[in-house]
Amino acid sequence: MPTAPCGFNQGMTTYLDYQSAKPVDPRVLKEMERYFLRDFGNPSSLHSDGDTAEEALDACREKIAAFINAEPDEIIFTSGATESNNLALIGYAFRNKVKGSHIIISELEHISIHNLAKFLEKNGFKISRLPVDRHGRLSLEKLEDRITPETILISVGYASNEIGTIQPIFEIGELAREKGIAFHSDAVAAEGLVSIDVKRDNIDLLSLSANDIYGPRGVGVLYLRKGLRLNPLILGGGQEKGIRSGSENIPGMVGMKKAVAIMEEEMEKEVKRLTSYRDRLIKNILEKIPRVHLNGHPTLRLPNNAHFRFDGIEGESLLLSLKDEGISASTGSACTARTLEPSHTLICIGLLHQEAHGSLEFSLGRFNQAEDIDRVVEVLPGIVARLRKLSPLYRRKEDL
Amino acid sequence: MKPTKYSQKVMDHFRNPRNVGTLEGEEIAVGRVGNPVCGDLMEMYIKVKDEKIDDIKFQTFGCGSAVATSSMITEMAKGKTLDEALKITRGEVADELEGLPPVKMHCSNLAADALHEAVKSYRAKQKQAAKPAEAPLKRELRSVPGEKEFLGRGVYSKLEELSSLQDKRILIVDRGAESLELAIKLTRYTGRVVYLTPLKELSASAELKNRLKSSDVKILYQAQLLEIMGEKEVEKVLVYDLNEDEDYPLFVDAVVVLPEIKQEKS
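Just so you know, the protein sequences line up as chains A and B, in that order.
Quick note on our numbering: the first sequence kicks off at 7 and runs consecutively.
Quick note on our numbering: the second sequence kicks off at 18 and runs consecutively.
Be aware that one or more of the hints could be misleading.
As the list claims (entries may be wrong) - Pairwise CB distance ranges, derived in the manner of DEER restraints:
#1 B:E198 x A:R223: 53 to 63 Å
#2 B:K22 x A:E39: 28 to 38 Å
#3 B:P162 x A:D64: 56 to 66 Å
#4 B:T204 x A:R152: 23 to 33 Å
#5 B:L168 x A:G248: 49 to 59 Å
#6 A:K124 x B:P162: 17 to 27 Å
#7 B:R228 x A:G224: 56 to 66 Å
#8 A:K247 x B:S180: 50 to 60 Å
#9 B:P162 x A:K247: 43 to 53 Å
#10 B:Y206 x A:K124: 29 to 39 Å
#11 B:S181 x A:G388: 39 to 49 Å
#12 B:S180 x A:H299: 14 to 24 Å
#13 B:S181 x A:R152: 16 to 26 Å
In short, the hints are calculated from the structure, not lab data.
Here a beta-carbon is modelled for each residue, glycine too, at the ideal position from N, C-alpha and C.
Please work from the sequences and hints to get the whole structure.
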């Protein structure tokens with residue numbers, strides 16, 4: 007079990023919000039250091055150390071490609087998954103407009119995909135948004151119904167980072183390949199938690215982020231299958247085969263390479279551990295607290311995600327009370343959003359507004375210990391009971 | 018400023034809210050404001066003696082500021098005359114709490130509204146103004162866009178085989194006792210039954226209400242079905258909230274609209 011990075015939350019909080027931010031693994035940081043201070047990326051001054059920037063870059067490409075069963079020259083480095091999504095959607099759509107102008111996405115995408123879809127709609131493309139079932143799963147039938155001769159791209163997130171539901175990626179890939187439509191998946195929520203194999207799953211474009219596998223922020227990858235073309239968004243010196251210009255962020259890429267290397271070694275054990283913590287958390291919460299429900303698919307869900315809704319109470323108050331107990335989590339309640347709208351994902355699985363407001367998400371990660379689960383199980387029932395005493399909604403059901 | 022940057026005083030009222038609870042009796046009046054749709058619901062109970070607020074209690078569904086502002090206003094209102102209570106403004110509540118993030122000011126507005134509603138309700142009671150009887154469910158039934166279109170593809174006007182709705186998300190529109198009974202029956206096949214009614218309170222016998230309360234049926238009051246939508250079959254509906262004067266989508270797999278209103282035989 008890796009030790010927590012030194013000073014991680016000063017040991018003061020129980021951190022259960024890994025889906026929104028992850029610390030960098032200290033081993034990754036160590037590996038990156040020399041590329042900041044010594045091998046700082048100028049090819050002509052590095053040969054005495056044996057590692058040229060180009061070698062380091064190639065090694066990064068190879069390592070990351072192997073991780074997802076791609077070829078090294080199918081890996082494009084970006085500044086993160088949001089940029090990868092931009093390249094995938096805008097870059098691919100405009101390059102292939104002559105083939106058609108219809109794109110299918112799911113309702114459960116990351117906000118960047120949603121905003122990219124809106125942008126494409128304003129620029130001559132037609133977008134279909136696939137609804138999901140009550141667990142958040144897509145239906146292959148509905149997908150097939152929406153495919154037209156004009157469809158050039160299907161973009162479906164590998165899994166929901168909110169409710170944890172994993173999509174039928176293999177089946178979608180199969181269908182897309184059969185119809186000759188490019189298939190893109192934003193895999194950020196699933197990296198390091200499920201095995202991603204672009205060949206097996208017929209995936210043509212894939213977005214990855216370094217931070218989501220405990221690498222540094224500001225680095226990501228777009229996998230682009232050989233033979234497919236897209237327009238660059240960032241022009242300049244022609245790096246990344248002209249697809250993504252800009253001096254390479256060697257330390258960042260090395261960080262991602264190291265993060266991947268660690269994952270290759272540790273992912274299996276880590277997933278087992280996280281799964282057992284998650285299941286223990288879910289079991290205890292469902293047992294100890296009345297009128298609580300698990301959101302998302304009961305079994306086809308990310309190994310680290312436990313998303314609940316509690317009848318009659320509201321998410322921000324839950325978070326504040328948890329904060330008082332030193333526990334960090336997340337909610338889909340409108341009260342915490344800048345727009346005061348409840349989470350789109352929760353509405354799409356069919357929840358009423360008050361149910362969406364009463365939601366709480368725990369996402370576990372590498373540095374969690376069993377005691378973290380125990381702590382939550384210990385304090386949450388009391389918090390929920392207290393807030394329910396305050397609530398007219400909980401009482402109201404009793405005296406209908 | 019992040020929505021949840023709270024002052025110490027707000028946190029104090031959140032952690033230790035004053036005057037939580039309900040009141041019952043002749044000298045009691047309730048003010049109810051807000052709406053679960055927007056994420057805040059407040060109930061303010063006042064006990065009035067000699068035109069003064071003798072006792073006051075509150076219940077709130079909402080975020081940290083919602084709880085804190087309700088608690089604070091009960092402290093401010095206790096012992097005041099009804100006229101003084103009516104003069105308490107949201108600005109004063111926020112000031113007493115040493116400030117609220119701007120996006121949370123509407124919570125203090127709600128708290129003041131709840132108190133004012135309670136006072137108005139008390140005064141109306143005193144005048145023995147008859148509470149206007151709520152209009153019964155209308156007999157003329159207009160069908161909504163999509164209702165005929167999706168009949169047989171997610172819209173049901175009668176149900177024989179309930180098991181076909183196993184695990185589906187069902188919306189059932191209020192058509193009196195028969196639709197209520199159906200809603201309760203459906204909970205045996207699925208955990209997601211939502212019952213839509215334009216009324217503030219259901220008109221049903223105590224027995225039926227009892228069974229409803231122990232079932233899993235979720236009731237949306239003061240709501241109307243606006244439209245049924247989808248590609249080849251029902252995928253979602255548009256609901257109109259009469260209280261908030263807003264419409265919003267609700268994702269469902271099936272909509273049950275019985276053709277006639279059948280009230281229970283008295």
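Each hint, compared with the structure:
Range check, E198 (chain B) to R223 (chain A): Cβ separation about 56 Å, and the 53 to 63 Å hint holds. At roughly 35 Å, the beta-carbon separation of K22 (chain B) and E39 (chain A) lies within the given 28 to 38 Å, and the hint holds. At roughly 59 Å, the beta carbons of P162 (chain B) and D64 (chain A) sit within the given window of 56 to 66 Å. Checked against the given bound of 23 to 33 Å, the beta carbons of T204 (chain B) and R152 (chain A), roughly 32 Å apart, stay inside it.
A beta carbon spacing of about 55 Å between L168 (chain B) and G248 (chain A) agrees with the range 49 to 59 Å that was offered as a hint. The given range of 17 to 27 Å is respected by K124 (chain A) and P162 (chain B), whose C-beta atoms sit roughly 25 Å from each other. At about 58 Å, the CB distance of R228 (chain B) to G224 (chain A) agrees with the hint of 56 to 66 Å. Roughly 57 Å separates the CB atoms of K247 (chain A) and S180 (chain B), a value that falls within the hinted 50 to 60 Å.
For P162 (chain B) and K247 (chain A), the hinted distance range of 43 to 53 Å is satisfied, since their beta carbons lie about 51 Å from each other. In this structure, Y206 (chain B) and K124 (chain A) meet the distance hint of 29 to 39 Å, their C-beta atoms being roughly 38 Å apart. Taken as a hint, the range 39 to 49 Å holds for the pair S181 (chain B) and G388 (chain A), whose Cβ atoms sit roughly 43 Å apart. The given range of 14 to 24 Å is respected by S180 (chain B) and H299 (chain A), whose C-beta atoms sit roughly 22 Å from each other.
The beta-carbon spacing between S181 (chain B) and R152 (chain A), approximately 24 Å, falls within the hinted interval of 16 to 26 Å.
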